[in-house]
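So the chains spell out like this:
There are 2 protein chains.
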Amino acid sequence: MPELRKDPIVGRWVIIATERGRRPLEYQPDRAQPRGGSFCPFCPGHEDKTPREVLAYYKTTPIATTASGAALSAPPDPKDWTLRVVPNKFPALMIEGSLDRAGEGIYDKMNGVGAHEVVIETPRHDAVFAQLSEVEIEAVLWAFRDRIVDLKRDTRFRYVMVFKNHGLAAGASLEHSHSQLIALPVVPVNVAEEMAGARQHFELKERCIYCDIVRQDLADGRRVIYENPGFVVLAPYAPKFPFETWVLPKTHGAHFEDAQRLQFAQLADALRVTLRKLNVALDDPPYNFILHTAPFAEREVPYYHWHFEIMPTLTKVAGFEWGSGFYINPTPPEDAAAFLRDIRE
Amino acid sequence: MPELRKDPIVGRWVIIATERGRRPLEYQPDRAQPRGGSFCPFCPGHEDKTPREVLAYYKTTPIATTASGAALSAPPDPKDWTLRVVPNKFPALMIEGSLDRAGEGIYDKMNGVGAHEVVIETPRHDAVFAQLSEVEIEAVLWAFRDRIVDLKRDTRFRYVMVFKNHGLAAGASLEHSHSQLIALPVVPVNVAEEMAGARQHFELKERCIYCDIVRQDLADGRRVIYENPGFVVLAPYAPKFPFETWVLPKTHGAHFEDAQRLQFAQLADALRVTLRKLNVALDDPPYNFILHTAPFAEREVPYYHWHFEIMPTLTKVAGFEWGSGFYINPTPPEDAAAFLRDIRE
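Chain order of the listed sequences is A and B.
Using numbering that gives the first Met the number 0, you'd call the opening residue of the first sequence number 0 and step up by one each time.
Using numbering that gives the first Met the number 0, you'd call the opening residue of the second sequence number 0 and step up by one each time.
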């Protein structure tokens with residue numbers, strides 16, 4: 000069982016692999032590309048090489064039927080999947096067991112209980128996410144939503160982190176297009192800080208800070224990369240990384256999983272256009288995207304606003320950033336937005 | 000003039016290069032090694048290729064005399080330097096000007112005023128830091144102290160971040176051994192969080208959390224890597240990264256620059272032994288080290304305890320870590336300490 004340990008000064012939790020600790024020389028020098036090649040456990044026909052799926056969509060599945068949770072009348076051909084969600088074969092956290100919080104002198108720990116799932120976004124090994132069709136990307140978003148709704152029922156969990164690592168420099172270890180969900184028994188520190196900051200703004204102004212950002216940046220225009228009826232894509236005012244990009248719904252809502260059905264198609268369009276623009280501008284960069292959404296325990300709150308953040312991996316995080324939490328960004332967001340806005344994807 | 004901009008939600012400041020923003024295709028794919036080769040601006044004889052030094056030590060300089068700030072009677076041969084501190088030729092912040100704090104609607108910014116200095120740690124191009132003699136490493140530590148004492152006099156500054164990037168993956172762009180200081184007009188968010196966490200522990204327990212860590216871990220022994228009369232080297236209980244290592248003075252003190260003279264030699268020994276052990280265990284890994292010390296405005300405080308943190312760059316930070324602030328560490332600190340303890344450096 001992995002262990003969750005708490006930093007005694009800043010209160011940050013870390014996940015320590017205690018089963019079979021990695022020895023010094025198992026940290027390999029950098030490979031240039033994620034593992035690809037001869038055998039891929041995510042390809043059709045290799046379904047038995049992953050744990051049994053917790054969700055699958057099929058060629059015959061109308062998206063909205065599955066998303067609403069209705070059972071299908073006839074079982075589809077198991078080889079006919081278009082998307083699968085499977086437990087991670089090498090999970091960071093274990094699904095079984097209780098937390099067993101305990102102290103060790105001044106230190107605090109608990110069992111590394113959580114869910115770690117992989118969304119296999121397409122059966123096609125060579126298709127990268129940005130090249131999927133709008134309908135395929137929408138299906139990935141529905142899968143995020145369906146899994147969150149299901150994991151929320153497990154009372155041990157307080158948050159689900161949804162993210163994608165694309166390219167080796169961004170942490171992807173397998174080539175076949177996939178994203179991940181990690182359900183956690185605590186609200187992560189970064190999420191708690193975002194919630195606290197947004198709450199503080201609301202207490203002062205009685206307005207959602209993200210609604211303020213959408214309003215001011217749409218009026219200003221300099222940092223707008225793209226918009227459609229439901230979403231605006233922005234280079235944020237104070238980005239940590241060059242070409243960092245936020246995708247925000249224009250209407251207020253704290254929980255991604257409560258989004259309106261129409262928003263899924265609009266979000267798929269916004270994500271697809273944005274990632275294709277980034278690919279053209281930055282020559283298919285490695286990147287991460289992360290869903291920012293309110294913790295389970297929060298009711299519909301007036302101060303938080305779910306959104307996606309996309310961060311191309313272009314610079315290295317070094318001593319200054321690790322020590323200070325300050326980031327040095329060599330490209331002003333106004334310049335980044337102008338470049339991306341002008342690109343025909 | 001670079002711009003400091005504040006994230007409107009979490010309050011993190013970022014440094015935006017506004018002079019000449021880097022364009023998309025100027026982000027180059029990874030090189031394997033820092034720039035070395037034919038010409039090095041840090042080598043002796045190339046003193047005119049860096050801005051004029053703000054501090055230098057010479058072959059004839061007794062360390063303690065310089066460190067105490069006494070003037071030297073006869074000027075040494077300018078080519079005879081053993082260590083130079085020069086302003087960074089491409090500084091992240093500019094030394095001239097006032098802050099001019101201002102709003103832009105809901106956003107906050109100020110001028111990017113600060114000092115950015117480079118410590119050229121040795122005249123020898125090929126010597127890496129861990130291979131310097133104890134006396135040479137001690138001189139580097141005195142240089143950090145001398146520069147902090149001087150920068151503290153500038154009332155615009157609230158903190159000096161001292162750090163080293165070794166190896167390309169850890170952010171070093173030049174091969175010749177060097178470290179850096181960045182003086183900032185605000186207390187960085189990571190420092191503020193560490194101070195707040197330590198203060199909270201003190202309010203509850205009336206003890207310094209770091210003194211508690213030193214006491215408990217010395218008694219426990221499993222995470223101790225090395226100790227000498229003044230310092231203990233630990234694998235911390237909840238490390239973000241595999242083989243993360245902390246070097247803590249055994250006696251309490253909040254400000255590095257107020258350390259006792261004897262501690263400089265003891266710290267040089269502890270750093271040198273630790274880095275040599277890491278080099279053996281991990282085959283000369285890229286790494287960062289960071290000085291953690293109290294902000295200028297804090298008087299001698301009972302709750303904070305300066306120390307160094309060393310972080311080898313072995314794993315990639317990916318979507319999960321960026322989103323959550325949780326880190327997944329594949330090597331338990333007890334294992335890392337056991338490996339390092341047993342190495343004869």
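To be clear, the hints were calculated from the coordinates, so they are not data collected in a lab.
Certain hints may be false.
A pair holds if it fits inside one copy or across any two, identical chains being indistinguishable in the list.
[To be verified] For lysine-lysine, the following DSS-like pairs were computed, each having C-alpha atoms within a straight-line distance of at most 30 angstroms:
hint, residue 1, residue 2
1, LYS5, LYS315
2, LYS249, LYS48
3, LYS151, LYS315
4, LYS204, LYS5
5, LYS78, LYS108
6, LYS204, LYS108
7, LYS315, LYS239
8, LYS48, LYS5
The model shown is predicted, which means the values in this text are computed figures rather than measured ones.
Hint by hint, here is what the structure shows:
For the identical chains of this complex, LYS5 and LYS315 are neighbours both inside a copy (26 angstroms) and across copies (21 angstroms), given an alpha-carbon limit of 30 angstroms. For the identical chains of this complex, LYS249 and LYS48 are neighbours neither inside a copy (41 angstroms) nor across copies (52 angstroms), given an alpha-carbon limit of 30 angstroms. Within a single copy, LYS151 and LYS315 get their C-alpha atoms only as close as 35 angstroms, which misses the 30 angstroms cut-off; across copies the closest is 29 angstroms, which meets it. With identical chains, the CA atoms of LYS204 and LYS5 are at most 30 angstroms apart between copies only, with a shortest distance of 18 angstroms across copies and 34 angstroms within one.
In this assembly of identical chains, LYS78 and LYS108 lie within 30 angstroms of each other by CA distance neither inside one copy nor across copies; the values are 43 angstroms within and 55 angstroms between. Taking the shortest Cα distances, LYS204 and LYS108 sit within 30 angstroms of each other only across copies (19 angstroms), while inside one copy they are farther apart (38 angstroms). Both within a single protomer and between protomers do LYS315 and LYS239 lie at most 30 angstroms apart by alpha-carbon distance, with minima of 12 angstroms and 17 angstroms respectively. Taking the shortest Cα distances, LYS48 and LYS5 never come within 30 angstroms of each other, neither inside one copy (34 angstroms) nor across copies (47 angstroms).
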